[in-house]
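Student: In order, the protein sequences belong to chains S and G. With our numbering, you'll find the first sequence wraps up at 462, consecutive numbering, no jumps. With our numbering, you'll find the second sequence wraps up at 336, consecutive numbering, no jumps.
Rather than coming from a laboratory, the hints here were simulated on the basis of the structure. One should not assume that every hint holds.
Unchecked claim - To be clear about the criterion: a stretch of chain S counts as covered by chain G if any three or more of its residues have a C-beta under 8 Å from a C-beta of chain G, and this derived list gives those stretches:
#	region
1	62 to 70
2	88 to 96
3	106 to 116
4	159 to 167
5	393 to 404
What the hints assert, rightly or not - Pair by pair, the computed Cβ-Cβ distance ranges are:
#	chain 1	residue 1	chain 2	residue 2	range
6	G	W150	S	P121	54 to 64 Å
7	S	N297	G	F302	46 to 56 Å
8	G	R215	S	G161	28 to 38 Å
Claimed, not checked - Every beta carbon over 12 Å from chain G, so not counted as near; a handful from chain S, in silico:
#	residue
9	R46
10	P178
11	E211
12	R214
13	V266
14	I282
15	P357
A virtual CB, placed ideally from N, CA and C, is assigned to each residue, including glycine.
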Amino acid sequence: METLLLSRIQFAANISFHILFPTITIALGWVLLFFKIRYNQTRQERWMDAYRFWVKIFALSFALGVVSGITMSFQFGTNWPGFMEKVGNIAGPLLAYEIMTAFFLEAVFLGIMLFGFSRVPNWLHTTATFLVAFGTMMSAFWIIVLNSWMHTPQGFEMIDGVAHATDWWAIIFNPSMPYRFAHMVLASFLTVSFLIAGISAFRWLIGGRTEGVRVALKTAVYAAALLIPLQILLGDFHGLNTKEYQPAKVAAMEGNWETDTGVPLVLFALPDEEARENRFEIAIPKLASFILTHDWNGEVKGLNDFIGENGEVLHPPVNPVFWSFRVMVGTGLLMLLVSWGASAMMLRKSRGVEGLPRPVLYVLVGMSFSGWVATLAGWYTTEIGRQPWLVQGVMSTKEAVADVPAPMVLSTLIAYLAVYAVLMVAYISVIFYLARRMSRGERIDPRTPQSEAAVARAVPAE
Amino acid sequence: MNTFGDPTVWLPFVFAALMGVSILIYVVLDGFDLGVGILFPFADDSEKDRMIASIGPFWDANETWLVLAVGLLLVAFPAAHGEILTALYLPVTIMLIGLILRGVAFEFRAKAPAPHKDAWNTAFFAGSLMTSLSQGFMLGMYIMGLEWSWAHAGFGLLTAVFLTVGYSFIGATWVIHKTDEYLQRKAVDWAKGGIWGLVLGIAAISLATPYVSDRIFDKWFSWPSFLYLSPLPILSGILVVWLWWMLRRMPFYGDRRSWLPFAAATALWVMAFGGMAYSFYPYVVPEKLTIYDAASAPESLFIILIGTCIVLPTIMAYTVLAYTIFRGKATELRYD
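Construct all of the structure, not just a fragment, from the sequences and the given hints.
Tutor: Listed below in structure tokens is the structure:
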């Protein structure tokens, strides 16, 4: 394989592994703040119990997010030097603001949030929890701004082949940013809802039927049931926005080759990129036109419109985009079914968690990480859907790649993948291990022997 | 080039200075927690827990300075960022995998089932070692002008070992400050064992840098700059002797001055770094690309600078807050 493809796979591997953890921490930070505030209001131990359990998952996810994020900041230089050389004047300030306003905020206050409960006044601990949650959100904001700008660039001019910013407001609030940001934040909350529901169902099944588990399970299932329709609606808006600015991506998502009116919605097909047609197509007449233009006979652009004069393909590879999109939508619909079904069972005669039969609990356990599947599939859809561009219409991906020998890229790729595989197994098994210990009623604080002479000097309260 | 009223001159200079400060803060702060990792095999199980406790609340933020330094290189000097990191592709990857391993081991060793704890301790040590060795190697290659040859790689290996031992030294001085009794005495011994790495490392770099480049040689050894610069090596020498004298008598009665070795080590670090910065200025890629050639457009740098002027003092303030809250001897690290 050549350097370009290997570099793309390496970047995809690194950023896929990385995004898993922010997806959890973005929303989990706010959930923890919610637990903490409920504790402050009620002084009920169950809220602090929930806090203490989930803050450990947060710490673990945060650490994985930080270290895999450091990798990302180097990948620009090691594999894609052309990117910063051409659009660095725009990407640079956005990344700088991410590091300065968000990264430091979360990293510094995380220490206080994790280890400071008995060392600082309660209000400062709550503030630290807020600042960490806020920092994580800001971090997501700046990264999404840059990413969205790469999809819908504006507010710049090209001088001697280098992009120069002309309007920062236009750059930050570029057309796809609000949709992408909202879509991602909701994805994060859904991921966390299903994670909390799944792990709580697991604890419930193995006999850890405490008040804390009951509250967490109920909250998570209801939250998921409320958020998933919003997310589906938002996804639709995002799709309409994409149709306007990146019609080739939508054509690949829909498997639509020819520009036409009254385009059918393809449910299943095997897109054949050689023959440029779909095989074994199952479609609903006119529905794609209706969804995308809100008119049964609306015109939708097809992939064949994106062929250059000399036969150059200027649309994304169809199969990966087509299938990623279906995995995302499928997972979303499954989430809708499960969360609404489980909510209905819990609401029926107000039976609560007791209203959930064992098979439903097993399904919830099975869907603990379903948010990851949907999030990754969504990102693959939008990112592969931007190809062959790195910055839509401004710079192609192959322009940016570093001239590093392919074997070097391959060997480092294998090293990354090996590390990630081990960490993935360790991460998931440690979460279930902590849940099992918790269900047996054990303390799961890492107790370290305290030296008799070592006396913590507490900070004077306020 | 001499008109500092011109934004294409003073902006790159300010950003080079900011980047330098970030790297310096990084090597001191992450230096000590990497050093603690390197010293892991010399400690028993309960000592390992205390050493971890001494860096627990800080390591995340410490590593963020690396992200800031690389970020500033990326945003202010994009051309140099590509050139440097592509040349150092392999050591960068090793460093990143090392950082990943030690970062996660930190969490996993406390949360994984007890039988796995040893494995995560090993991962913490191995990750810290990989990180320091590759950083040292990159330092050596950078000094040699990022040109790959056997001789340069050999020098890189030498600086890799020196920087690793140097990190273990500053790590040991941190443990001296944050612990007491038996572990503290042990850390004094570690510091005495590690100080040579720092001394030899500084010496090797000081000798090699002017040898590699005539320009740097002239900067140091021409009259009268030689006179102005002479306090740097003299002060460093005095500091080393004083550190050695102090370490042989530590710990002092009532744990007085336990912070001094760390402070002295930091001062040594600062002087060595200052010397290097002086040597390489105005180049960001040695002898190839100056900060003025590599800089981003002034309007972009200006946008970043506004943010930096507001945010950097804030970061400093809450970093100081965190260090104040977790000051004193390291105790049990608990979530409540």
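Student: So, for every hint listed, does it hold in this structure?
Tutor: Hint-by-hint comparison with the structure:
1. By the rule of at least three residues with a Cβ nearer than 8 Å to a Cβ of chain G, the coverage given for the region 62 to 70 of chain S holds, with 8 such residues.
2. Three residues within the 8 Å Cβ limit are the bar, and the region 88 to 96 of chain S against chain G gives 8, so the coverage statement holds.
3. Under the rule that three or more residues need a Cβ within less than 8 Å of chain G, the assignment of the region 106 to 116 of chain S holds, with 9 such residues.
4. With 3 residues having a beta carbon nearer than 8 Å to a beta carbon of chain G, the region 159 to 167 of chain S meets the requirement of three or more and the stated coverage holds.
5. Counting residues of the region 393 to 404 of chain S whose beta carbon lies closer than 8 Å to any beta carbon of chain G gives 3, which reaches the threshold of three, so the coverage claim holds.
6. The given range of 54 to 64 Å is respected by W150 (chain G) and P121 (chain S), whose C-beta atoms sit roughly 59 Å from each other.
7. For N297 (chain S) and F302 (chain G), the hinted distance range of 46 to 56 Å is satisfied, since their beta carbons lie about 52 Å from each other.
8. Under the hint 28 to 38 Å, the C-beta atoms of R215 (chain G) and G161 (chain S), about 31 Å apart, fit the expected range.
9. Distance check for R46 (chain S) against chain G: the nearest CB is about 15 Å away, which clears 12 Å, and the non-interface claim stands.
10. Against the 12 Å criterion, P178 (chain S) stays outside the reach of chain G, whose nearest CB is about 22 Å from its own CB.
11. Its beta-carbon lying about 18 Å from the closest one in chain G, E211 (chain S) satisfies the requirement of being farther than 12 Å from that chain.
12. Non-interface call for R214 (chain S) relative to chain G: holds, since the shortest CB-CB distance, roughly 22 Å, exceeds 12 Å.
13. Every Cβ of chain G is farther than 12 Å from the Cβ of V266 (chain S); the closest lies at roughly 41 Å, confirming the non-interface assignment.
14. No Cβ of chain G comes within 12 Å of the Cβ of I282 (chain S); the nearest lies about 44 Å off, and the non-interface call holds.
15. The beta carbon of P357 (chain S) sits about 31 Å from the closest Cβ of chain G, which is more than 12 Å, so the claim that it is off the interface holds.
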